[in-house]
Amino acid sequence: AGAAHVLLAHTAEDRAETIVLNLARGAGLPGLAAMPAWREHGGVALAHPLRSVRRADVRAIAAHGPAPVADPTNADRRRRRTRARHDVLPALASLSGGDGDPVASLTRLGDLAAADAQALDELAALPVALARRVVRAALADAAGAIPEAGTVEAARQGRWLVARPETVAAVEPRVAPAPGVVALAPLALRLRVGSAGEAPARPAGAPPLAGPPGAAPGPVLELTGPATVRARAPGDRMCLEGVARPVTWVLRRVGVPGLLRDLAPVVVEADGRLAGVVGVVAADAAPSAPWRAWAEPVAS
Numbered sequence: 491a492g493a494a495h496v497l498l499a500h501t502a503e504d505r506a507e508t509i510v511l512n513l514a515r516g517a518g519l520p521g522l523a524a525m526p527a528w529r530e531h532g533g534v535a536l537a538h539p540l541r542s543v544r545r546a547d548v549r550a551i552a553a554h555g556p557a558p559v560a561d562p563t564n565a566d567r568r569r570r571r572t573r574a575r576h577d578v579l580p581a582l583a584s585l586s587g588g589d590g591d592p593v594a595s596l597t598r599l600g601d602l603a604a605a606d607a608q609a610l611d612e613l614a615a616l617p618v619a620l621a622r623r624v625v626r627a628a629l630a631d632a633a634g635a636i637p638e639a640g641t642v643e644a645a646r647q648g649r650w651l652v653a654r655p656e657t658v659a660a661v662e663p664r665v666a667p668a669p670g671v672v673a674l675a676p677l678a679l680r681l682r683v684g685s686a687g688e689a690p691a692r693p694a695g696a697p698p699l700a701g702p703p704g705a706a707p708g709p710v711l712e713l714t715g716p717a718t719v720r721a722r723a724p725g726d727r728m729c730l731e732g733v734a735r736p737v738t739w740v741l742r743r744v745g746v747p748g749l750l751r752d753l754a755p756v757v758v759e760a761d762g763r764l765a766g767v768v769g770v771v772a773a774d775a776a777p778s779a780p781w782r783a784w785a786e787p788v789a790s
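Per this note's numbering, the very first residue in the sequence shown carries number 491; after that it's consecutive.
Wrong hints could be hidden among the right ones.
Said to hold, decoys possible - Simulated restraints on C-beta separations: (1) Arg622 with Trp739: 44 to 52 angstroms; (2) Pro556 with Ala619: 49 to 57 angstroms; (3) Gln647 with Pro580: 21 to 29 angstroms; (4) Leu613 with Arg646: 13 to 21 angstroms; (5) Leu613 with Ala644: 23 to 31 angstroms; (6) Arg623 with Ala494: 47 to 55 angstroms; (7) Ala644 with Asp561: 32 to 40 angstroms; (8) Ala635 with Pro580: 54 to 62 angstroms; (9) Pro580 with Glu731: 14 to 22 angstroms.
Calculated directly from the structure, the hints in this document are not laboratory data. Backbone N, C-alpha and C fix where the C-beta goes; we use that ideal spot for every residue, glycine too.
Based on the provided sequences and hints, a complete structural model is requested.
Next comes the structure, spelled out in structure tokens:
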């Protein structure tokens with residue numbers, strides 16, 4: 491709509507909940523900083539003017555104006571944020587000591603992490619001339635040719651740039667037995683299906699689709715039986731935090747560039763349930779699922 495700024499109504503409690511969720515997935519300093527005062531997105535400044543204001547104070551102020559809208563999903567315990575709000579924060583209150591206010595403690599942690607992250611970013615920043623050389627060398631290695639100056643500058647400024655080898659094609663449909671292993675050779679991965687006790691204990695992060703031998707296998711998917719591994723298809727949806735989401739939306743949300751989305755193999759059970767995307771994201775847990783599936787890097 492041509493706006494220069496968008497003001498978001500997240501409160502101190504919202505920020506504390508975000509810090510808890512980021513802690514649970516093993517985030518670094520930027521994740522612990524959680525919810526910056528402002529950030530730019532698509533040329534628009536997104537600001538959080540209420541991120542230091544408590545939720546009760548915001549409600550008290552809102553009571554003097556038009557009736558606020560209540561989001562019904564705030565009471566849905568299938569959502570991780572709701573469980574953080576109603577289960578984790580009260581538990582932390584009993585452990586924090588002092589005044590027993592986990593929101594104040596967590597937001598203070600967020601402020602400290604933000605200051606540390608800024609300091610480290612400033613120390614790590616390369617002079618522009620050196621940064622261009624680093625980017626040019628990386629792109630040349632990936633693409634097999636020296637990139638143009640404009641391409642180097644676009645990548646240096648943080649825009650998405652993907653080098654996709656023409657020889658890598660989407661995964662052909664194949665059955666993943668339970669238990670068993672199915673090779674995903676184009677991605678230098680294999681998908682292993684085993685019991686819950688065999689599955690690696692990994693946080694539900696989002697590592698690259700392919701990595702060197704010994705790299706993290708990514709999130710563990712839950713299966714009720716043999717499944718099919720295939721490329722995404724139009725209309726594919728997966729359940730995340732109780733909501734059926736288009737796979738394309740999920741891949742975009744976790745940061746998979748458009749040129750690589752057709753290479754991300756999805757795992758579909760016999761009843762049509764999409765269990766997740768190999769090496770990228772797992773769908774909501776299936777009830778009484780006896781099997782687990784995870785990616786293992788192999789030498790290319």
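Results of checking the hints against the structure:
Take Arg622 and Trp739: their Cβ atoms lie about 34 angstroms apart, and the range 44 to 52 angstroms is violated. Taking the beta carbon of each, Pro556 and Ala619 are about 54 angstroms apart, inside 49 to 57 angstroms as hinted. At about 44 angstroms, the beta-carbon gap between Gln647 and Pro580 misses the expected band of 21 to 29 angstroms. Separation of Leu613 from Arg646 is about 18 angstroms and conforms to the stated range, judged on CB atoms against 13 to 21 angstroms.
Between Leu613 and Ala644 the Cβ separation comes to about 25 angstroms, which falls inside the hinted range of 23 to 31 angstroms. Between Arg623 and Ala494, the C-beta spacing of about 35 angstroms breaks the proposed range 47 to 55 angstroms. The given range of 32 to 40 angstroms is respected by Ala644 and Asp561, whose C-beta atoms sit roughly 38 angstroms from each other. A hinted range of 54 to 62 angstroms holds for the C-beta pair Ala635 and Pro580, which are about 57 angstroms apart.
For Pro580 paired with Glu731, a C-beta distance near 20 angstroms keeps the hint of 14 to 22 angstroms intact.
When held up to the earlier numbered hints, the structure conflicts with 1, 3 and 6 and fits the remainder.
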